[in-house]
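Protein chains in written order, with the numbering used here: chain A, 105 to 956; chain B, 9 to 146.
None of these hints come from the bench; they were simulated from the model.
Careful: at least some of the hints might be erroneous.
[Claimed, not checked] When the alpha-carbon atoms are kept at most 27 Å apart in a straight line, the in silico BS3-like pairs for lysine-lysine are as follows: (1) A:K847 x A:K733; (2) A:K845 x A:K889; (3) A:K528 x B:K46; (4) A:K231 x A:K157; (5) B:K46 x A:K518; (6) A:K724 x B:K123; (7) A:K528 x B:K49.
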Amino acid sequence: MKFEGEHLLPGQLGHFFIILSFVASLLATIAYFTASVQKDALLKNSWLKFARKAFLVQVGGAFIIFAIIFYLCSNHLYEYMYAYKHASKELEYKYLLACIWEGQEGSFLLWIIWHSVLGTIFILRRKSPSIEGWEAPVMTVISFAQFFLLMMILGIYIFDVRIGNSPFTLTRNEINAPIFGQPNYLTFIKDGMGLNILLRNYWMVIHPPILFLGFASTIIPFAYAYAGLQTKRFGDWVKPVLPWALFSAAILGVGIMMGGKWAYESLSFGGYWAWDPVENASLVPWLILVAGLHTMVVYKATGHSLRASYLFSFLTLGFVLYSTFLTRTGILGDTSVHSFTDAGNSINNMIKTFLAIFFIGPLIYFYRNYSRIPAIHKEENTNSREFWMFIGSLVFFLTALFIIAVTSIPVYNKLPLIGRWIAKFHGGPLAMPENSEFFYNKIIVMVAIIIGLLSGFAQYLKYKDTQKAYFRKGIVLPTVISAALAALLFVVYPFTYRKEGLGFLITIYTAAFATIYSLITNTMYIWSVLKGKVMNAGGSIAHAGFALMILGMIISSSNKEVISNSRVNGLTIPVGKDPMTKQDDNPQDNLTLIRQLPTRMGDYEVTYQKDSSGHEKGRKFFQLLFQKKNAATGKTSESFHISPDVYVMKDNNMSSNPDTKSYLSKDIFTYVSYALNDANNMDTAQFKETEIAEGDTAFYSNGILVLNGVTRNPNNEKYHYSPSDLALMADITVIAKDGAKYKATPLIEVKGMEATNYDDTLYAQNLFVRFAGVSEGKKIKIGIKESDRLIDFVTVKSFVFPYINLVWLGLIIMALGLIFSMIKRANFNNKQAAVILVLAAVGLFYMFLLAN
Amino acid sequence: MKKTHIALLVGIAALIVGMLAFSADFSTYDTVNSARNKPGKFVHLIAKLDKSKPVEYDPINNPNYLSFYAVDSLGGQTKVVYHNSKPADLEKSERIVMTGKMNADHFECKNILLKCPSKYKDDKEQLQKTVVDQTTSN
Numbered sequence: 105m106k107f108e109g110e111h112l113l114p115g116q117l118g119h120f121f122i123i124l125s126f127v128a129s130l131l132a133t134i135a136y137f138t139a140s141v142q143k144d145a146l147l148k149n150s151w152l153k154f155a156r157k158a159f160l161v162q163v164g165g166a167f168i169i170f171a172i173i174f175y176l177c178s179n180h181l182y183e184y185m186y187a188y189k190h191a192s193k194e195l196e197y198k199y200l201l202a203c204i205w206e207g208q209e210g211s212f213l214l215w216i217i218w219h220s221v222l223g224t225i226f227i228l229r230r231k232s233p234s235i236e237g238w239e240a241p242v243m244t245v246i247s248f249a250q251f252f253l254l255m256m257i258l259g260i261y262i263f264d265v266r267i268g269n270s271p272f273t274l275t276r277n278e279i280n281a282p283i284f285g286q287p288n289y290l291t292f293i294k295d296g297m298g299l300n301i302l303l304r305n306y307w308m309v310i311h312p313p314i315l316f317l318g319f320a321s322t323i324i325p326f327a328y329a330y331a332g333l334q335t336k337r338f339g340d341w342v343k344p345v346l347p348w349a350l351f352s353a354a355i356l357g358v359g360i361m362m363g364g365k366w367a368y369e370s371l372s373f374g375g376y377w378a379w380d381p382v383e384n385a386s387l388v389p390w391l392i393l394v395a396g397l398h399t400m401v402v403y404k405a406t407g408h409s410l411r412a413s414y415l416f417s418f419l420t421l422g423f424v425l426y427s428t429f430l431t432r433t434g435i436l437g438d439t440s441v442h443s444f445t446d447a448g449n450s451i452n453n454m455i456k457t458f459l460a461i462f463f464i465g466p467l468i469y470f471y472r473n474y475s476r477i478p479a480i481h482k483e484e485n486t487n488s489r490e491f492w493m494f495i496g497s498l499v500f501f502l503t504a505l506f507i508i509a510v511t512s513i514p515v516y517n518k519l520p521l522i523g524r525w526i527a528k529f530h531g532g533p534l535a536m537p538e539n540s541e542f543f544y545n546k547i548i549v550m551v552a553i554i555i556g557l558l559s560g561f562a563q564y565l566k567y568k569d570t571q572k573a574y575f576r577k578g579i580v581l582p583t584v585i586s587a588a589l590a591a592l593l594f595v596v597y598p599f600t601y602r603k604e605g606l607g608f609l610i611t612i613y614t615a616a617f618a619t620i621y622s623l624i625t626n627t628m629y630i631w632s633v634l635k636g637k638v639m640n641a642g643g644s645i646a647h648a649g650f651a652l653m654i655l656g657m658i659i660s661s662s663n664k665e666v667i668s669n670s671r672v673n674g675l676t677i678p679v680g681k682d683p684m685t686k687q688d689d690n691p692q693d694n695l696t697l698i699r700q701l702p703t704r705m706g707d708y709e710v711t712y713q714k715d716s717s718g719h720e721k722g723r724k725f726f727q728l729l730f731q732k733k734n735a736a737t738g739k740t741s742e743s744f745h746i747s748p749d750v751y752v753m754k755d756n757n758m759s760s761n762p763d764t765k766s767y768l769s770k771d772i773f774t775y776v777s778y779a780l781n782d783a784n785n786m787d788t789a790q791f792k793e794t795e796i797a798e799g800d801t802a803f804y805s806n807g808i809l810v811l812n813g814v815t816r817n818p819n820n821e822k823y824h825y826s827p828s829d830l831a832l833m834a835d836i837t838v839i840a841k842d843g844a845k846y847k848a849t850p851l852i853e854v855k856g857m858e859a860t861n862y863d864d865t866l867y868a869q870n871l872f873v874r875f876a877g878v879s880e881g882k883k884i885k886i887g888i889k890e891s892d893r894l895i896d897f898v899t900v901k902s903f904v905f906p907y908i909n910l911v912w913l914g915l916i917i918m919a920l921g922l923i924f925s926m927i928k929r930a931n932f933n934n935k936q937a938a939v940i941l942v943l944a945a946v947g948l949f950y951m952f953l954l955a956n
Numbered sequence: 009m010k011k012t013h014i015a016l017l018v019g020i021a022a023l024i025v026g027m028l029a030f031s032a033d034f035s036t037y038d039t040v041n042s043a044r045n046k047p048g049k050f051v052h053l054i055a056k057l058d059k060s061k062p063v064e065y066d067p068i069n070n071p072n073y074l075s076f077y078a079v080d081s082l083g084g085q086t087k088v089v090y091h092n093s094k095p096a097d098l099e100k101s102e103r104i105v106m107t108g109k110m111n112a113d114h115f116e117c118k119n120i121l122l123k124c125p126s127k128y129k130d131d132k133e134q135l136q137k138t139v140v141d142q143t144t145s146n
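For reference, chain A alone in the conformation it holds in the complex (with noise of 0.2 Å):
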């Protein structure tokens, strides 16, 4: 059969440059392995030069891949399967970018554009010294990797298996439909399935290309390492990797942290950090990558240390990976707030035959080589810097395993034999304790006093012996101006996390010291010892920077406040006890507004005062009026609205998206909790129609109605009619029982022979008002309808975050301090080092504080 309409062309290009970038990588891969092992300087030059053509051409392919997706999903062509279900007529431009991401297809394709971009500087930069005689192993890598990643893309069948999933699948060929039994099937698709709606967001912009590089740049440090093994130069991939390294720890850092505000920000999640797996699988890489950045300056510094670093920087690849199969394959389907499925089986094997090869392999490489690689034999002094350094290094190692290690919970009930083992003994699939956050934050804090401990006294000793006056000399002052601030916090601010008990407050109040005094130490350092040269302080920095962050975030959360409590309005009778626990832990979280009806919540008083519509179809926007008013003379001292908003879907799914209110000191965060379906709400009451004339009175079951006046053609902020229309507006002053007063304005207009009615609605009082008519005399027809259900209300949860600007600020500091060592290490002269540290502040600053 013919079908029309199709266009066959752009497919069948991308498919092309598929294959030719997947052989393309097959060939890099082979021609830089032969390069790297070939003694012959002519002969490996030639299979250098060959290498680097076949992965240009692998570059250009993949860029020609996204170009043409980019096309597929901008001109709407859902004859291709990946625009059909990931494109829509309705989308914004800006979101393009975004829902070619949302795709596993996509995504992969991502991450081999940062392999490619990496690769290509390798290849600019082969002459510059920290590349030189590297190229040729590290390349090796990078080729082989991309072999894997294009695989998962190939969507070539050999046999009856298809090997990965291309993005330029037609929709008729992957879907059974009557409808692509016609040749004219395309007339029927009018539109495709769009950008999930929780994604369309800035974030979904950004987010994943900075995580993705983040993730794909931690190739970088495993190759050389690599590399070491390989070329014998044991210890040589130290000092050029080292900028790498720290680049990674940096755009991953971010990444990762970006995943959270996004979360905190325009997700109902409640928070920026939930211990999801997918959190804790991106999580993962980067804790191992900060230990070993850390032993490979230790390295540098005393010869120490470089086993170690050997095996950070391929197990940090090693769980980037892990992590790809924890969320791609689906098995952590039940426990994940992300959802997600299995791509098939075919997919599943491929990344579990990635994982084994890039996890497993080099262990093994390692292990052969481990007694070859240089190792002091005298033990480090505990009065040395590099000891205590490799003991915080150690520690973030065993936190990763600890996280890790709880986030494959689902992974081991499907082990072949362990999972019956599991069923056996624990009566049951393994799964998490009641309190999963706790479970996590009870351990995690310990790693914050140890952390932060280690980080703030390691600066004061020196590399290999430390004379005690010098360290004394140095930690002293700190120390005291630290615990005197710490004490002072205690005082000022005390923390009210009761809930786990007072030994874990006490654990906090310690953690809090712990990130204050490595904030304080690390701070005063600059000056006391670096004497102020900044350049110089990149470690200082991204240390204070580390724990400013961990302090915002122990403070936000001890004092985190929910002042949606059903109790404060009365409304709710509280429902009790937990009947087991006999605590009073039910979540009272949610609180219902009634439209126009203030509310007492916390320090505020909420009125829900009107909904409106956003630009995109769908969508519901509640405005809400917070009020805080003093209790003596009645004034208002602050006023402000939050917006947050409802997304109805196509498909009927509803997605709630917070509103906040910042302040330097604290965010007022709100979001819906449950909003009304307008069609759920259909109103049977009828009105009752009464004839009054100015002055008089009607009544309501709740209160009296009084007419002020008849105003004919009104101009004012609801109407706008000029002389020439015919329009009566009543003027009614609503008075409730309580003493309330209400003011209502239905209007009737007619216009040649129709009559409408534009009819007021007093949420408050459950009432709507019409202006029925005129009738004889001077008077007119008032209809008066009660509605027997609330007409209009909101649900909202609201929480306080104290002081949560802490945590972006300390992330952003941290991640400077990053670069400043980065452009240290990788020797950038002031020009490049401007540009680099302007950019990623600006940057920085506007994502995390300014934009919202």
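Position chain B relative to chain A; hints supplied.
Positioned in the frame of chain A, the structure of chain B alone reads:
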């Protein structure tokens, strides 16, 4: 690896493992019936919304009370009480992962995780259904 390191490593690892053993009360995934066999114990329950029975949620009187009936793949049924707001897509969910405790007459739910069809774009059957729905309704 140095002796001091090993000592410290073992010490720290022991600390972590010790804390785990001391405090961790890992839960289980259960069906309605197996959860009934351990009343009061915190479990993960995987089930579906029973659409033949009423979903009770009246946010004006109490926005923090939701009750509905769930049925699992083996046919086990239970009433569920959730002291929180009603998740928007409850009626559309295909599968519900709930955590909480089984009481005498109902499952006291602490947390709900919905698995909704629309989130599963990569699920083939679902896609098929969507395409058929969209193209025939127009």
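Structure-based check of all given hints:
{"no.": "1", "hint": "A:K847 x A:K733", "result": "holds (23 Å)"}
{"no.": "2", "hint": "A:K845 x A:K889", "result": "holds (18 Å)"}
{"no.": "3", "hint": "A:K528 x B:K46", "result": "holds (15 Å)"}
{"no.": "4", "hint": "A:K231 x A:K157", "result": "holds (17 Å)"}
{"no.": "5", "hint": "B:K46 x A:K518", "result": "holds (23 Å)"}
{"no.": "6", "hint": "A:K724 x B:K123", "result": "holds (24 Å)"}
{"no.": "7", "hint": "A:K528 x B:K49", "result": "holds (17 Å)"}
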